[in-house]
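Visitor: Sequence:
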Amino acid sequence: MTSKIPVLAFFTVLAAARTFGGADLNFGELNQTFTAPTINHAVKVPIGNKNFSLNVMIAEFEPPANKTTDLQNPRVAATIYELSWPWNTTINETLKTLEGVEEPRFCVSIPLGPIPDSVTKAYKETDLGDCTNALGEQCTRDLKNQGFAPDVGCNTPIPESCSGKLGSGSIGSALLFNIEQRYYSAYEKSEARFAYTTSEIYSAGNDTLFQHDVQRLHVLLFTSSGSAPICVRVADHKVSGAMAKPGGSMCFVALLALGAMLFML
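Mind the numbering: the sequence shown is residues -17 to -1, 1 to 248 in mature numbering (1 follows the signal peptide of the UniProt record, and there is no 0), read in order.
These are computed hints drawn from the structure, not numbers from a lab.
Computed from a predicted structure; not experimentally measured.
Each hint should be verified, as a subset may be incorrect.
Stated by the list, open to error - Per label pair, the in silico range of CB-to-CB distance:
(1) Asn32 - Gln55: 49 to 57 Å
(2) Glu143 - Thr72: 35 to 43 Å
(3) Arg124 - Thr80: 44 to 52 Å
To be verified - List time: in silico EDC-like cross-link candidates among lysine to aspartate or glutamate, alpha-carbon distance up to 20 Å:
(4) Lys27 - Asp53
(5) Lys33 - Glu65
(6) Lys33 - Glu76
(7) Lys27 - Glu108
(8) Lys33 - Asp53
(9) Lys127 - Asp113
(10) Lys107 - Glu120
(11) Lys27 - Asp113
(12) Lys50 - Glu183
(13) Lys127 - Glu143
(14) Lys33 - Glu174
(15) Lys27 - Glu143
(16) Lys79 - Glu174
(17) Lys104 - Glu120
(18) Lys33 - Asp113
(19) Lys27 - Asp110
Just so you know, even glycine gets a beta-carbon here, dropped at the ideal spot from N, CA and C.
Sequences are here, hints too, so could you generate the full structure?
Guide: See below:
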C-alpha cells in the first residue's frame, strides 16, 4: 500500500473460513481450549450513547489432540477479542437502545496484516484505546466520522489520511448484529467473543509468536450510529517474561463473527 492510493476499501467478510500459515483451529475448538488468558487488557469503546468494553486476551496453550505436528511439546499462541457491556441484555437488544439509531447496525473491521512499527511505537501507555498518537489526528478524526448507509453494510471505505497506517495486509469486516446463536453459543448476554487470531504451532519455550501478539498494536474500528477506532497494545499493561524477539510470524487465522474469509493482498 502507498499514499498514492486515495481510498483503501474494507473487504466484506464472507461466512467461510480460510487459513494461511497459522494453526488450523475452528472457533469451537479455540473456545474449548482457551479457558483463561495468560494476559489481557480492556479499554472503553464508546458506541452511540453507550460505553462498551473491548477485552484483548492472549494465551498460550497446547493445540487440540487432532492437530498433528512433529514438534516436541507443541504450543499455540492465540488472541481473542471480546466485547462486553454492563447491561443484562444481548448485543441485539443493547444496540436497539442506542440513541439516534432507527435501524440498529453494528460493524467491526480489523486490519489483517502487520501494523507498521512507526505506528506501533507512536502508541502510548496512557492512550487507553485512543488511536490519535498512533494513527495521527487526521486519520483518527476521519475514522470517527465514518458511517455506513443501510444498503452498504460493512463495506466502509478507509480515508486517504489513513493510507499506509493500517498495515500491509487487507482488512476484514463483519456485522456484529443479528448473529444466529446456533452458530456461536458464546453470544450470551453482557459479552460476545467476536474474533481471534492463532499463531503457527511451535515448541514450548520459544515465546517469539506469543510475544509478537503481546507487543503488537491491535487496531479495530467499530461502526454503529458513529464510529469508534480503538487501539490497544497489551505489552503496556503489566507484561511479565521475555521481551519480544525479532521475526515473529505475521501469518495468522482470523474469525470475524460467524467465520471470516481472510483477504490477503
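Visitor: Now, for every hint given, state plainly whether the structure supports it.
Guide: Outcome of the hint check:
For the hinted restraint 49 to 57 Å between Asn32 and Gln55, the CB-CB distance of approximately 53 Å keeps it satisfied. Between Glu143 and Thr72 the beta carbon distance is about 38 Å. The supplied range of 35 to 43 Å therefore holds. Evaluation of the 44 to 52 Å hint for Arg124 and Thr80 yields a failure: the beta carbon distance comes to about 27 Å. For the suggested pair Lys27 and Asp53, the alpha carbons sit about 42 Å apart, so the restraint of at most 20 Å is broken.
Between Lys33 and Glu65, the direct Cα distance comes to roughly 16 Å. Compliance with the 20 Å bound is thereby established for this hinted pair. Taking the CA atoms of Lys33 and Glu76, the gap is near 13 Å; set against the 20 Å cutoff, the hint holds. For a cut-off of 20 Å, the pair hint linking Lys27 to Glu108 stands: about 14 Å separates their Cα positions. Restraint check: the Cα-Cα separation between Lys33 and Asp53 comes to about 49 Å, which exceeds 20 Å; the hinted pair is violated.
Note on Lys127 and Asp113: the hinted pairing holds, with a Cα-Cα distance of about 11 Å set against a maximum of 20 Å. Taking the CA atoms of Lys107 and Glu120, the gap is near 14 Å; set against the 20 Å cutoff, the hint holds. Annotation: proposed proximity of Lys27 to Asp113 holds, straight-line Cα distance about 9 Å (limit 20 Å). Restraint check: the Cα-Cα separation between Lys50 and Glu183 comes to about 12 Å, which is no more than 20 Å; the hinted pair holds.
With a CA separation close to 14 Å, the supplied pair Lys127 and Glu143 stays within the 20 Å bound. A C-alpha spacing of about 14 Å is found between Lys33 and Glu174, which places the hinted pair at or below 20 Å, so the restraint holds. For the hint linking Lys27 to Glu143, the alpha-carbon distance of about 26 Å lies beyond 20 Å, and the restraint is violated. Of the pairs offered as hints, the one joining Lys79 and Glu174 holds, with about 16 Å between alpha carbons and a cut-off of 20 Å not exceeded.
This hinted pair checks out: Lys104 and Glu120 have alpha carbons roughly 16 Å apart, not beyond 20 Å. For the suggested pair Lys33 and Asp113, the alpha carbons sit about 17 Å apart, so the restraint of at most 20 Å is met. Between the alpha carbons of Lys27 and Asp110 the distance comes to roughly 11 Å, so the proposed pair stays at or under 20 Å and holds.
Hints 3, 4, 8 and 15 from the earlier list are contradicted by this structure; the remaining hints agree with it.
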